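Order-wise, the sequence lines are chains A and B. Under full-length UniProt numbering, the first residue of the first sequence is numbered 1, with each subsequent residue one higher. Under full-length UniProt numbering, the first residue of the second sequence is numbered 1, with each subsequent residue one higher.
Honestly, I wouldn't trust all of these hints.
[Stated by the list, open to error] Cβ-to-Cβ under 10 Å is the rule here; a few derived chain B residues that face chain A:
#1 Glu146
#2 Arg149
#3 Pro165
If you are wondering where the hints come from, they were derived from the structure by calculation, not from laboratory data. Since this is a predicted model, take the numbers as computed values, not measurements. Idealized CB from N, CA, C, for every residue including glycine.
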Amino acid sequence: MIAFDGISVRFGGATALDGVTEEVAEGELCVLVGPSGSGKSTLLRLVNRLVEPTEGAVRVRGVDVRAVEAARLRRSIGYVIQSVGLFPHRTVARNVATVPRLLGWPEARIEARVREMLALVRLDPAEFASRRPRELSGGQAQRVGIARALAADPDILLMDEPFGAVDPIARRDLRAELRRIHAATGKTILLVTHDPGEAIELASRLVVLRDGRVVASGGPSEVLGGGGAFVRALLGGDAALRALSLVPARRLAEPDPAPDAPALAADATLQDALSLMIESRRTRVRLPAAESGAEASLSLARLVERRP
Amino acid sequence: MTRFQAARGPLALALALGLLAHPGVAGTLWGALGQGRVVPVPAARLAALAGQHALVAGLGVLGAAVLGIGLGLVVTRPAGRPLRRLVETVGAGLQAIPPVVVVALAFPALGFGLAPTALALVAYAVLPILRATMDALDTVPQDLREAARAMGLTPLQRLREVDLPLAAPVVAGAVRTAAVLAVATAAVGALAGAATLGTPIVIGLQTQNTLSVLQGAAATASLAFLAEGGLVLALGAPARAARATA
Ligand SMILES: Nc1ncnc2c1ncn2[C@@H]1O[C@H](COP(=O)(O)OP(=O)(O)O)[C@@H](O)[C@H]1O
Ligand SMILES: [Mg+2]
Numbered sequence: 001m002i003a004f005d006g007i008s009v010r011f012g013g014a015t016a017l018d019g020v021t022e023e024v025a026e027g028e029l030c031v032l033v034g035p036s037g038s039g040k041s042t043l044l045r046l047v048n049r050l051v052e053p054t055e056g057a058v059r060v061r062g063v064d065v066r067a068v069e070a071a072r073l074r075r076s077i078g079y080v081i082q083s084v085g086l087f088p089h090r091t092v093a094r095n096v097a098t099v100p101r102l103l104g105w106p107e108a109r110i111e112a113r114v115r116e117m118l119a120l121v122r123l124d125p126a127e128f129a130s131r132r133p134r135e136l137s138g139g140q141a142q143r144v145g146i147a148r149a150l151a152a153d154p155d156i157l158l159m160d161e162p163f164g165a166v167d168p169i170a171r172r173d174l175r176a177e178l179r180r181i182h183a184a185t186g187k188t189i190l191l192v193t194h195d196p197g198e199a200i201e202l203a204s205r206l207v208v209l210r211d212g213r214v215v216a217s218g219g220p221s222e223v224l225g226g227g228g229a230f231v232r233a234l235l236g237g238d239a240a241l242r243a244l245s246l247v248p249a250r251r252l253a254e255p256d257p258a259p260d261a262p263a264l265a266a267d268a269t270l271q272d273a274l275s276l277m278i279e280s281r282r283t284r285v286r287l288p289a290a291e292s293g294a295e296a297s298l299s300l301a302r303l304v305e306r307r308p
Numbered sequence: 001m002t003r004f005q006a007a008r009g010p011l012a013l014a015l016a017l018g019l020l021a022h023p024g025v026a027g028t029l030w031g032a033l034g035q036g037r038v039v040p041v042p043a044a045r046l047a048a049l050a051g052q053h054a055l056v057a058g059l060g061v062l063g064a065a066v067l068g069i070g071l072g073l074v075v076t077r078p079a080g081r082p083l084r085r086l087v088e089t090v091g092a093g094l095q096a097i098p099p100v101v102v103v104a105l106a107f108p109a110l111g112f113g114l115a116p117t118a119l120a121l122v123a124y125a126v127l128p129i130l131r132a133t134m135d136a137l138d139t140v141p142q143d144l145r146e147a148a149r150a151m152g153l154t155p156l157q158r159l160r161e162v163d164l165p166l167a168a169p170v171v172a173g174a175v176r177t178a179a180v181l182a183v184a185t186a187a188v189g190a191l192a193g194a195a196t197l198g199t200p201i202v203i204g205l206q207t208q209n210t211l212s213v214l215q216g217a218a219a220t221a222s223l224a225f226l227a228e229g230g231l232v233l234a235l236g237a238p239a240r241a242a243r244a245t246a
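Generate coordinates for the entire structure from the input sequences, incorporating the hints supplied.
As structure tokens, then:
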């Protein structure tokens with residue numbers, strides 16, 4: 001879906017990216033991590049031509065981006081930034097409608113789409129559509145930012161530290177929202193973060209940058225397993241362990257009842273599951289039937305391999 | 001505060017000063033103060049002068065606004081940026097020249113009267129409008145421009161939909177201030193032979209007719225407040241109030 005082919009980017013004398021070759025497949029949620037200044041934002045901004053490569057080529061949907069008119073390319077790609085950048089002089093509805101308007105959609109379709117998008121990010125259109133950005137909390141503003149980025153139904157979404165400026169609780173909700181939207185829409189998402197927990201929770205693919213080079217890339221467990229000292233230092237030695245608390249145990253459970261195994265709460269996380277295994281010295285724990293699913297169980301092997 | 005509330009004060013003052021300038025009111029007041037009987041400037045004459053005065057000031061502000069806003073836009077675009085220093089310096093220089101000197105210098109080309117006065121007002125008012133335009137455009141937050149660019153707005157669309165609406169309140173404030181100053185300064189045009197509300201002041205001073213001076217001054221002030229109130233109505237309340245209620 002997105003291919004970086006031998007990319008170098010230099011700003012004057014400074015090298016922001018140096019020989020990056022990466023591919024992001026359709027439907028992937030690819031997370032870029034790395035220290036500040038390692039080139040994450042630059043890599044992201046190559047995709048919608050906010051930055052042009054000094055060397056190499058970027059292909060989006062198989063086409064060199066230089067062959068596409070910049071404005072048209074950008075209208076086909078959602079972009080979300082940390083500071084959100086909502087237009088203060090426009091209502092929430094007008095903000096969300098920005099790209100559909102540029103594309104000349106009929107008014108009725110735009111209106112319906114705005115309502116649909118606000119509902120998607122769980123903001124009641126009746127309450128929020130006519131508000132101004134300054135009447136929103138940080139978390140609400142970022143939801144509107146996401147709604148705006150998705151309004152014209154782009155198949156690619158670029159997100160540069162999208163949840164960096166919101167409080168931890170709103171951030172957790174927004175992450176859950178993003179996972180849900182990703183699962184529901186199958187969009188290709190490229191996301192920059194410097195929060196290791198966020199990276200591991202969200203990533204279907206993880207790209208680690210350092211001084212403008214890719215030092216590791218692949219599935220999160222692959223990168224965490226084989227990444228070496230730099231990656232471990234960046235993501236935290238216990239990042240994988242902490243990440244377990246972000247995933248519901250039910251996601252990895254199998255429909256094997258195991259009646260004599262110790263029982264978890266119905267909404268337990270993988271961290272709860274591992275903890276219970278260690279406490280009870282058993283390699284299988286049981287999830288009772290609940291609203292969220294039928295009776296199931298989870299083995300240590302499935303947990304370690306993170307096999308869904 | 002709505003623009004209507006903000007305009008109330010200046011318009012009330014304009015009315016009060018206008019009444020004061022009226023020959024009936026001014027003459028009666030003059031008599032009551034025991035200043036003897038002087039013939040006041042007739043109302044029709046004052047009205048004609050006020051029309052000329054408004055025309056000169058209006059032309060001056062219009063010219064300054066077109067020039068100031070236009071140049072401000074040009075020098076804040078990437079292509080025009082190298083011109084910025086030059087434009088700022090020339091603008092500052094123009095403001096430093098006293099209006100009377102502009103009138104004198106323009107005399108060979110434009111002759112006597114309205115045209116050189118309007119030109120002097122343009123020169124005088126262009127810098128504040130230019131500065132305000134540049135400052136307002138400079139302070140449009142970087143992340144907004146970035147977001148607009150990233151969503152696929154063309155440079156023209158970004159100007160129209162982001163830069164201009166966000167800069168407008170500040171620029172409007174500068175135009176309003178320039179207009180009030182221009183109305184006040186246009187009285188000087190009388191020295192260059194422009195028939196304005198400065199004329200009864202100049203003539204009154206020459207003939208020691210203080211009532212005429214009073215009428216001219218009151219009418220000029222009335223017109224300045226009228227401009228202030230009218231522009232608040234037309235362009236919106238002052239920037240700070242506008243942000244609180246928009
Ligand atoms: N527009 C620019 N002009 C000059 N240098 C830049 C520009 N954008 C980024 N850089 C430099 O490129 C390097 C990588 O920046 P960036 O991609 O923003 O890093 P990150 O997002 O990982 O913090 C940094 O050294 C930064 O200073
Ligand atoms: Mg960055």
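Outcome of the hint check:
Given hint, glutamate 146 of chain B at the interface with chain A, holds; its Cβ is 6 Å from that chain's nearest Cβ, closer than 10 Å. Interface hint status for arginine 149 of chain B: upheld, as the beta-carbon distance to the closest one in chain A is roughly 7 Å, under 10 Å. Hint on proline 165 of chain B holds. Least Cβ distance to chain A is approximately 5 Å, under the 10 Å limit.
Checked against the numbered hints above, the structure breaks none of them.
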